[in-house]
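Novice: Spelled out, the chains give:
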Amino acid sequence: MSGVRHLYVHLPFCAHRCGYCDFVTLVGRPGEHGAYVDALLRELQLEGGLLAPRLETIFLGGGTPTYTEAAALRRLLAALPDAGEITIEANPETVTPALAAGLRAAGVNRVSLGAQSFRPALLDVLERRAGPDAVRGAFATVREAGFENVSLDLLYGIPGQRPSDLEADLDDALALAPEHISYYELEAKPGTRFTHAHGDELARQADAMEGYFERVVETLTGAGFRWYETANFCRPGREARHNLGYWLGRDYLGIGIGAVSTVGARRWRNAPKLGAYVAALARGEAPARELELLDAGTKARERLMLGLRLDRPLRFGDVAEAIEPDGLARVVRLGLAERRNGDLALTRRGRFLGGAVTAELMA
Amino acid sequence: MSLEQIRNFSIVAHIDHGKSTLADRILEVTQTLTEREMREQVLDSMELERERGITIKAQAVTVAWKGHILNLIDTPGHVDFTYEVSRALQACEGALLVVDAAQGAQAQTLANAYLAIENDLEIVPVVNKIDLPSADPDAAAREISDLIGDTPDHVLRISAKTGEGVEDVLDAIVERIPPPQGEPDAPGRALVFDSSYDQYRGVVAFVRVVDGDFRPRERLRAMAQGTQFETEELGVFAPDRSPRERLSAGEVGYVITGLKDVSRLKVGDTLTHAAKPAAEPLPGYKDVKPTVFAGLYPTDSDEYPELRDALDKLKLNDASLFYEPETSQALGFGFRCGFLGLLHMEIVRERLEREFDLDLLVTAPNVAYRVRTKAGEEVEVHNPADFPREVEEVEEPYIRASTIVPKEHVGAVMELNTERRGRFDHMEYPSQERVLLQYDLPLGEVVYDYYDQLKSRTKGYASFDYDVIGFRPGELVRVDIMLAGEPVDALSIIVHRDSAYGRGRALVDRLRQEIPRQMFDVPIQAAIGSRIIARETIKAKRKDVLAKCYGGDITRKRKLIERQKKGKKRMKQVGTVEVPQEAFLAVLDLDGERR
Numbered sequence: 004m005s006g007v008r009h010l011y012v013h014l015p016f017c018a019h020r021c022g023y024c025d026f027v028t029l030v031g032r033p034g035e036h037g038a039y040v041d042a043l044l045r046e047l048q049l050e051g052g053l054l055a056p057r058l059e060t061i062f063l064g065g066g067t068p069t070y071t072e073a074a075a076l077r078r079l080l081a082a083l084p085d086a087g088e089i090t091i092e093a094n095p096e097t098v099t100p101a102l103a104a105g106l107r108a109a110g111v112n113r114v115s116l117g118a119q120s121f122r123p124a125l126l127d128v129l130e131r132r133a134g135p136d137a138v139r140g141a142f143a144t145v146r147e148a149g150f151e152n153v154s155l156d157l158l159y160g161i162p163g164q165r166p167s168d169l170e171a172d173l174d175d176a177l178a179l180a181p182e183h184i185s186y187y188e189l190e191a192k193p194g195t196r197f198t199h200a201h202g203d204e205l206a207r208q209a210d211a212m213e214g215y216f217e218r219v220v221e222t223l224t225g226a227g228f229r230w231y232e233t234a235n236f237c238r239p240g241r242e243a244r245h246n247l248g249y250w251l252g253r254d255y256l257g258i259g260i261g262a263v264s265t266v267g268a269r270r271w272r273n274a275p276k277l278g279a280y281v282a283a284l285a286r287g288e289a290p291a292r293e294l295e296l297l298d299a300g301t302k303a304r305e306r307l308m309l310g311l312r313l314d315r316p317l318r319f320g321d322v323a324e325a326i327e328p329d330g331l332a333r334v335v336r337l338g339l340a341e342r343r344n345g346d347l348a349l350t351r352r353g354r355f356l357g358g359a360v361t362a363e364l365m366a
Numbered sequence: 046m047s048l049e050q051i052r053n054f055s056i057v058a059h060i061d062h063g064k065s066t067l068a069d070r071i072l073e074v075t076q077t078l079t080e081r082e083m084r085e086q087v088l089d090s091m092e093l094e095r096e097r098g099i100t101i102k103a104q105a106v107t108v109a110w111k112g113h114i115l116n117l118i119d120t121p122g123h124v125d126f127t128y129e130v131s132r133a134l135q136a137c138e139g140a141l142l143v144v145d146a147a148q149g150a151q152a153q154t155l156a157n158a159y160l161a162i163e164n165d166l167e168i169v170p171v172v173n174k175i176d177l178p179s180a181d182p183d184a185a186a187r188e189i190s191d192l193i194g195d196t197p198d199h200v201l202r203i204s205a206k207t208g209e210g211v212e213d214v215l216d217a218i219v220e221r222i223p224p225p226q227g228e229p230d231a232p233g234r235a236l237v238f239d240s241s242y243d244q245y246r247g248v249v250a251f252v253r254v255v256d257g258d259f260r261p262r263e264r265l266r267a268m269a270q271g272t273q274f275e276t277e278e279l280g281v282f283a284p285d286r287s288p289r290e291r292l293s294a295g296e297v298g299y300v301i302t303g304l305k306d307v308s309r310l311k312v313g314d315t316l317t318h319a320a321k322p323a324a325e326p327l328p329g330y331k332d333v334k335p336t337v338f339a340g341l342y343p344t345d346s347d348e349y350p351e352l353r354d355a356l357d358k359l360k361l362n363d364a365s366l367f368y369e370p371e372t373s374q375a376l377g378f379g380f381r382c383g384f385l386g387l388l389h390m391e392i393v394r395e396r397l398e399r400e401f402d403l404d405l406l407v408t409a410p411n412v413a414y415r416v417r418t419k420a421g422e423e424v425e426v427h428n429p430a431d432f433p434r435e436v437e438e439v440e441e442p443y444i445r446a447s448t449i450v451p452k453e454h455v456g457a458v459m460e461l462n463t464e465r466r467g468r469f470d471h472m473e474y475p476s477q478e479r480v481l482l483q484y485d486l487p488l489g490e491v492v493y494d495y496y497d498q499l500k501s502r503t504k505g506y507a508s509f510d511y512d513v514i515g516f517r518p519g520e521l522v523r524v525d526i527m528l529a530g531e532p533v534d535a536l537s538i539i540v541h542r543d544s545a546y547g548r549g550r551a552l553v554d555r556l557r558q559e560i561p562r563q564m565f566d567v568p569i570q571a572a573i574g575s576r577i578i579a580r581e582t583i584k585a586k587r588k589d590v591l592a593k594c595y596g597g598d599i600t601r602k603r604k605l606i607e608r609q610k611k612g613k614k615r616m617k618q619v620g621t622v623e624v625p626q627e628a629f630l631a632v633l634d635l636d637g638e639r640r
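Chains as they are written, first to last, in the numbering used here: chain D, 4 to 366; chain R, 46 to 640.
Isolated chain D, as found in the complex (with noise of 0.2 Å):
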C-alpha cells in the first residue's frame, strides 16, 4: 500500500544543448555514460526502500535520454524495477530500428518525441538537428517497433512563427495520429542564449499567442483529442500516467543529477554537478542535495495550483484551506470557476486563465 510508485529518472546527455533549453543537461561526454548511469542505479539502491513493491509508472527524462551511449542506456533498463507505464523521452535524430526495438525489448512502453514543429526554419530558429523528414521517420520507426503509446512534444511562439505555420503544424502532427500531444507554450527564460536572440521577436508576437493557445485547443479537442491538461491532450485513456502523478500530487522519487523528488512532506532536489554525483554514490553515500519542507499549507496551495491544471474537478474539502473565500466568489462570478457537490471545476474559459484564476483563488 505505501510507498512511493513514480519514479524519475534524469539522462542529462544532449548532443546539442538547444538555445530555449533551461533542463540540466550535457553535451556529449560519451566516455561518462557508464559512470553515471552506475551512479544512478547506487542512488536507486540507496532510496529503493522508498519505493512501493510495485511501481505505476517510470519516465526517463533528459537532456535526450535516447541519446545514452547504447550499453549504458541497456544496462540501466535491465536494471528499472517494473512498471505499468515507462516513458522514455526520444529525440527524433537519435531513434533508430535497433534503438526502437532494444527499447520495447526491455519493457519501455511509451515513447515522447520531441518533434517542436514540422516547419524547417522554426526549427533551425529551435536549433534542433532533426528535420521534419526525420520527426516523421522516427514516429514511424518507433511504431513499426511496436509501441502503441507515443507521444509527441510541440511548441507554439516559436520567433517568427506564422499562424499559417502552427496550422500546418497542428496537420502534421494529427496526420501521425499520436495517442498524446504535450503542446507548450515556448518559455524564453531570462538570460538565456535564446532570449538574447530572440526577445524581441517574441516580444512583438507575444499578443498573438493567447490565439495560438486557443488555435490549438480548439483544433486538437476538435480531432477527438481531450484537453485533460493545460497543455497535454490525449486519445481516451491515454493521459501521461506519470505526469498525472504529478498533478495529481502522488509522491514521486527522482534520481539523477538536478533530479527532484517529493515524498510527504519533503521535497529534495539533487545537485546538478555530475562527477560530484558520480563521486559520491561511488562512495556509497547520497549526493548533494537542496531540501524543501512542504508544510500542509504549502501543499494544500501545490494541490490547487497543480489540479486546476486538469480537466477533472478538484475535491473541494482537499484544497479548501489554500483558498480565499473572496477570491473564490470572484472567480465564480466571472464565470470562470464552478463549484458543484463539493468540487471545484474551473470552466472552458477558465482553463485558458488558468495561472491568474489560481493566483485569483490562492489565500
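All the pointers check out, no bait thrown in.
Quick list of in silico lysine-lysine cross-link-like pairs, PhoX-like style, CA-CA up to 20 Å:
(1) D:Lys192 <-> R:Lys588
(2) R:Lys593 <-> R:Lys604
(3) D:Lys302 <-> R:Lys611
(4) R:Lys614 <-> R:Lys604
(5) R:Lys593 <-> D:Lys192
(6) R:Lys614 <-> R:Lys586
(7) D:Lys192 <-> R:Lys604
(8) R:Lys504 <-> R:Lys452
(9) R:Lys588 <-> R:Lys613
(10) R:Lys610 <-> D:Lys302
(11) R:Lys604 <-> D:Lys302
(12) R:Lys586 <-> R:Lys613
(13) R:Lys305 <-> R:Lys358
(14) R:Lys584 <-> R:Lys613
(15) R:Lys593 <-> D:Lys302
Footprint (simulated), chain R over chain D, 3 or more residues, beta carbon under 8 Å:
(16) 254–261
(17) 332–341
Each pair of labels, with its calculated beta carbon distance range:
(18) R:Glu425 <-> D:Gly320: 51 to 59 Å
(19) R:Lys586 <-> D:Gly34: 45 to 53 Å
(20) D:Glu341 <-> R:Thr582: 24 to 32 Å
(21) D:Asp127 <-> R:Asp402: 47 to 55 Å
(22) D:Arg207 <-> R:Glu425: 47 to 55 Å
(23) D:Glu151 <-> R:Thr582: 44 to 52 Å
(24) R:Thr582 <-> D:Pro100: 52 to 60 Å
Honestly, the hints are just simulated from the structure, not real lab data. Ideal Cβ positions, reconstructed from N, Cα and C, are used throughout, including at glycine.
Starting from the structure of chain D, add chain R where the hints point.
Specialist: Chain R alone, transformed into the frame defined by chain D:
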C-alpha cells in the same frame, strides 16, 4: 553686547546660485568651524536638503568678524515657503543678494529681492561663481544693480567655491548693513522666524530679539496664539545650539519652549514676557493656509496607522502641514493633506517615504475651490470627489506668475500661459537678453504639469515664481472616471469646461495603457455628471497559463503563482477591477494630451 556690534543678515538667491556654498565659506573664514568640522552645506542638516541642494527649514548661525557679531539667517528660497522667508527677512537688517555670474538674475532672485526690499533691508549685491569659464560678471552686475537701483561698481564679485572675495563680503556686511534698532529696556519682544522639534526637548523656537531681553526659566507668551510656556533654555547657534544666560535686543538665537507641538508656536508670532507683556506684537503675523491638496494613502492598507504616526511626527516639525483623515472608495483609508505648494508636497512625500519607510500613493494634487451650490450653500472643497454636483458658482485661486526667460522663448511661455487660461498683465526687460512676463494664472492650471511643460518648452531656460492673489470665479466642472461602470473617486478631476473633453479623453487613454488586461472586459469612461465624454475598453485576457509544470518545476511554479498573487495584492481593487498604483498617477501626467 551693544547693538552697534551686531549685524543680522540673510542670503537670498535663486536655486543653485551658491547660497549654501557662500554660507559654508563664511563659517570657514570666520573660523566658526574648524576644518575638521567642515562639510558641505553645513546649515542644511536634513538629508533631503543636502541631496537636493535646497534649504527646507530656516537655520541660523552666529559668527564673529573683526569685533562684530554677525548673525546669518539661512532661509528656504522657494516660493512655497515665501511666508517663512519673509519672517526670516524681517529678523534681519540686510541681505546678501547672490546671483550666478553665468546665469544672471532669475525669477527667485527677483521674488526674494523684492521681498527683501519690501522688508526695508539693506541689500548687498554679490555676483558669485566668477571663476566659471562661462561667467560674465559685468553683465550680471549690471543686471543686479538695475534690479535694486544700485550701481554696478557697488556689486561684489566673488567665488564662494574658491573663497575669492568672501572676506570682502564680510567687510561689506559690517560696513553697509545697519546695526539692529531696538529698545533694550522696553518690554521684551522676539520674533519667531522658524521652529524645529527636538524629540527630547520639544519645540525649539528660532527668534530674533527686537526689544528687551530674555533669560532662561521665564514665563513667556506667544502674542498671536496666546500659547504660554516657561523657557527651559536659550542661546545662540554656533552653529550648534550654544546656551547663554541672556538674549538681548538685536540678537538672534533659540528658545527651548518645552512645548510638544509646533502648531502651538507658529512662525511670525511674537514672544513676550507673560508677567510684563509688550503692548503690541511685532507686525505681519498671519496664519498660512495650504494652497495645494492631495490624498496620501498607504500602498499597503495595513500601514494606515504607521502613516498616521508619521504625519503626526512630521507635523511636529512642520507647522504648515495640514492633514485630516479621508476615506476613498478606491483607495481605502488615508489622509487629505494640504501643502504650501508643489515643492512642499514633494518634500513631505519624500520625507514620509525616507524617514518613515512608508510606501505611499499620492493622488493628483488639486487646489481649494470655493463653491456655492444651487441650494445656496457655500463650501470650500479640497478634494474633487467632494465637489458638489449642483453648482451655482465656483471660485478658484489665482496667482500672479512671474517668469523670466531669454527673449527667444517669450512666445512659448505666452502660448503656454494662454493655454492655461492665463491673463497677461505686463512685460519687463531686466536685461537686453531676458524678459520678465507677468500673468495672472489659475493655480489649478499650475499644479497640473505646468513646470514640466514650461521647462520643456523653454529648454530649461525659464525661471518661475508666483504669489497667490486671491479667488476668482471660473467655469469649472467635475470630470468623473468610471471603471467597469463604477466611479473611481480618486480619479475625479476639476477642470475648466473648455478643456474637460480633452482631459477626459487623455485620462481615459492613459488609464487604458496603465491598467493591465483583466479576466474580463473593462470599460473606462469619463463623464460630466451623467454625460459620457470619453470611452475606451480594456479587452479581457484570453490566456494566462503556466506553459508546463512537472515534478521538477513545482516549487518554482508555485512561487511564480505566489508572486502573481502578491502582485495582485499590491493593486487596488476597484469594484472588480485591479488597478495598479501607477494608474492613479495617470491624472498627473497625460502624455501627448496637448500635442
